[in-house]
Every structure is written in C-alpha cells, then in structure tokens.
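Given the sequences, and given the hints that come with them, work out the whole structure.
Residue numbers (my numbering), protein chains in the order written: chain D, 1 to 327; chain B, 1 to 70.
Source of the hints: derived by calculation from the structure; they are not laboratory data. There is no bait here: all hints are sound.
Across the chosen pairs, the derived CB separations fall in these ranges:
(1) D:A68 to B:H47: 25 to 33 Å
(2) B:G14 to D:G123: 40 to 48 Å
(3) B:D55 to D:S58: 40 to 48 Å
(4) B:L27 to D:S58: 50 to 58 Å
(5) D:D143 to B:K52: 22 to 30 Å
(6) D:Q50 to B:K52: 52 to 60 Å
(7) D:K107 to B:C24: 29 to 37 Å
(8) D:A96 to B:D55: 40 to 48 Å
(9) B:A49 to D:K130: 22 to 30 Å
(10) B:H47 to D:A79: 13 to 21 Å
(11) B:H47 to D:M295: 37 to 45 Å
(12) D:T95 to B:E34: 33 to 41 Å
(13) D:A157 to B:H47: 18 to 26 Å
(14) D:E173 to B:D55: 21 to 29 Å
Computed, partial: chain B to chain D, Cβ under 7 Å:
(15) T19
(16) E44
(17) H47
(18) F48
(19) A49
(20) L50
(21) A51
(22) W53
(23) D55
Note that this is a predicted model, so its numbers are computed, not measured. The beta carbon of each residue, even a glycine, is placed where N, CA and C say it ideally should be.
This is what each chain is made of:
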Amino acid sequence: MAMAAALRREGKRLAPLMSSQPPINTTLRSSLISPLDQSSIGGARSISTQIVRNRMKSVKNIQKITKAMKMVAASKLRAVQTRAENSRGLWQPFTALLGDATSVDVKKNVVITVSSDKGLCGGINSTSVKISRALSKLNSGPDKETKYVILGEKAKAQLIRDSKKDIALSLTEIQKNPLNYTQVSVLADDILKNVEYDALRIVFNRFQSVVQFLPTVSTILSPEIVEREAEAGGSLGELDSYEIEGGDTKSEILQNLTEFQFSCVMFNAVLENACSEQGARMSAMDSSSRNAGDMLDRLTLTYNRTRQASITTELIEIISGASALTG
Amino acid sequence: MASSGAVPFWRAAGMTYITYSNICANLVRNCLKEPHKTEALSREKVHFALAKWSDGKPEKATIRSDTPDI
Numbered sequence: 001m002a003m004a005a006a007l008r009r010e011g012k013r014l015a016p017l018m019s020s021q022p023p024i025n026t027t028l029r030s031s032l033i034s035p036l037d038q039s040s041i042g043g044a045r046s047i048s049t050q051i052v053r054n055r056m057k058s059v060k061n062i063q064k065i066t067k068a069m070k071m072v073a074a075s076k077l078r079a080v081q082t083r084a085e086n087s088r089g090l091w092q093p094f095t096a097l098l099g100d101a102t103s104v105d106v107k108k109n110v111v112i113t114v115s116s117d118k119g120l121c122g123g124i125n126s127t128s129v130k131i132s133r134a135l136s137k138l139n140s141g142p143d144k145e146t147k148y149v150i151l152g153e154k155a156k157a158q159l160i161r162d163s164k165k166d167i168a169l170s171l172t173e174i175q176k177n178p179l180n181y182t183q184v185s186v187l188a189d190d191i192l193k194n195v196e197y198d199a200l201r202i203v204f205n206r207f208q209s210v211v212q213f214l215p216t217v218s219t220i221l222s223p224e225i226v227e228r229e230a231e232a233g234g235s236l237g238e239l240d241s242y243e244i245e246g247g248d249t250k251s252e253i254l255q256n257l258t259e260f261q262f263s264c265v266m267f268n269a270v271l272e273n274a275c276s277e278q279g280a281r282m283s284a285m286d287s288s289s290r291n292a293g294d295m296l297d298r299l300t301l302t303y304n305r306t307r308q309a310s311i312t313t314e315l316i317e318i319i320s321g322a323s324a325l326t327g
Numbered sequence: 001m002a003s004s005g006a007v008p009f010w011r012a013a014g015m016t017y018i019t020y021s022n023i024c025a026n027l028v029r030n031c032l033k034e035p036h037k038t039e040a041l042s043r044e045k046v047h048f049a050l051a052k053w054s055d056g057k058p059e060k061a062t063i064r065s066d067t068p069d070i
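Structure representation (structure tokens):
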C-alpha cells in the first residue's frame, strides 16, 4: 500500500517530465486545441494531467457561476411574475372596447421592439427581432413606411446591422430601477411625442410559463384611424352606441383613450418581456450547468485514464529496470 | 361644462393624457401619510436613456428624472 502510494507519487512527479519532453509530432498540435486526443499510435504520448486538471477546475467554476445565475434569475422571476400577471388586467378592457386590430392596413407603421439590455437569456431577443423584421416586410409597399423604436440594447445591436435607416428612437437602461408604471408611461409619452404613427405595433414575448414564451404583437391605432375604422364598420363600429358623459367630444375621448391604452399596453409588454427574460435566462443557465457537468464527467474519465496510464508506464519501467539488474 | 370644440387646459398646454394622469397620480401619492408615502414615491422613479436617430446616432439625451413630469 505504501509502495503503491510511493509509486503514485513518483508517477505524478515524473508525469510532467514525461510529457514535457516534446516529441516532434505533438509540438505541431497544440495540446490546448485537442486536449482529449491521445496519440497512442506512434509514440504513446498522452496529454499531461496538469492540463486536464486545469480544464476541470475552470469548467467547475463555470458550472458554479451558471448555477448561481440560475438561482438569481429564479428569484427575480418570482418577483416580476405576479406583477406581470396583474398588469394584464390593465389592457383587457381596452381590447374589449376597441378590439385588437392587427390586420388594419395603415400607411405609417411604427414597430416597437421590446428586448433586454443584458444577454445570456436564450433566444427571446432574436425571436423579437425576427418578428419585427417580418412585420416591417409585411407592411412594405408603395406609400407605406415602417419605423422602429427599440427598447433595450440587444435588439438595437441586431437591428443596427441591416435596418439602420429605419430606426427612429432607441431607449436603453430601462431596468435600472424596478419597473413601474410611471417610468413606462414617461417612455410612452416620449414615443408619442417623437414619432408620427398611424399604427403602433408592440413586439414582445408574452410569458406563458417558465419554459414557454410566446412572441406577441399588440396593435394600437391612432385616434384618426380608429375613427376611420369605426365608420367602416366592424368591431369598432359599435363605438357610437356608447354614451359619452362629461361634455367631451368623441374625438377627444378617443384621443385620451388611445394614449392611455398605449401606456397600459406598453406597461404590460415591458413586464411580460422582463418575465420572459428571466425565465429564458433560467433555462439557459440550467442547460449550461448541465453541459458543464457532462463536460466535467468526460474530463474526469480522461484524467483518470491518463493518470493510470502514466502510473502503469512508470511501473513497467521500474520493473524492467529491476529485472535487467537482477537477471 | 366645456363647450364642444374646446380642449381641456392640459391638452392646450401640450400635455398628453398620460402626462396629465401621471401628475394627478403624483399629487395623490403626496397626500399619503409617512411610511406609505416613501414607499409610494419610490414606485415613481424614472430612469432611461433616449437616443433619437437619423441615419446614425446623434444626440444621446439621458432623461433621468425622479419625478414623472417631463
């Protein structure tokens, strides 16, 4: 037992020596690029256990970090989720009153893409950008133009690449304070003041469950278009059957209503997107930890194989040396 | 009481309905008593960075205001 331990120690001491004598064929391949390659063909040179050990250490650290990120995302998700679900009640009466007219044909479309500022959250920002691009293509034609308003860094980075000219506004650093209605309404107000629109289409990820996020488009029409649609009949045509109290005219009420509707829908969109972001980050970090664990298992096997091979080689040399002396 | 055709005072001053309702909400929050007041006012903090675009990225105006008024 002590002999085996001594031999093992010798093996460890001599192993870096063995692999540090660089034979010509392995210097051509850096051992960092193909660390799991053991060339047993010509020279029985194997990877140094040191390198494998370093890799194992770094993979383990990465696994710890991603596990921690998953916990953080889970706790943030819990906090935002109730607020997002409660905020759904803000826009539901509007949809009941004004309808959600996604298919209305208008000249000036503004696509508002809601995305996150931070990364490592899976594919949700890419899906939002994909849908925004598809929307702008759908609405292209003579006389029609689409502009983008971008919330969040990630969508900005993606949309800069090919739609630079169509961007009207970009807003970042939204999540510095916890999300509240006041902030979103100031945002909405700025958008209303800076962009001319006939229809606003908000693209965001609706939170269905921790693993499922549905990309959604919510449409808000400008008051003039609402009036036009109301005259044309359809779901908006019943607006006239409502009585208006208080002496405001119908167009004034419509204007107030559409502004408020925009603000409410934006609030819900931002909250739901924040929820989806945390959920996506949770699942991304979870799969990353799992991959790191798998990698660690494979590296451990390699390490043990390498270690045992070096010990065996050592033993063989010692024993053949000893037998050469005695025999 | 307003005659038809006259706009309310806030719209004539250039505010949208959103700004008007935010100011009213701020007034209501300021009417609260102390422990609830600071909680409610902390729910009003605004911070974001707005950049207008014209073919590239011009001015970057950081609008960081602790009041909801513009």
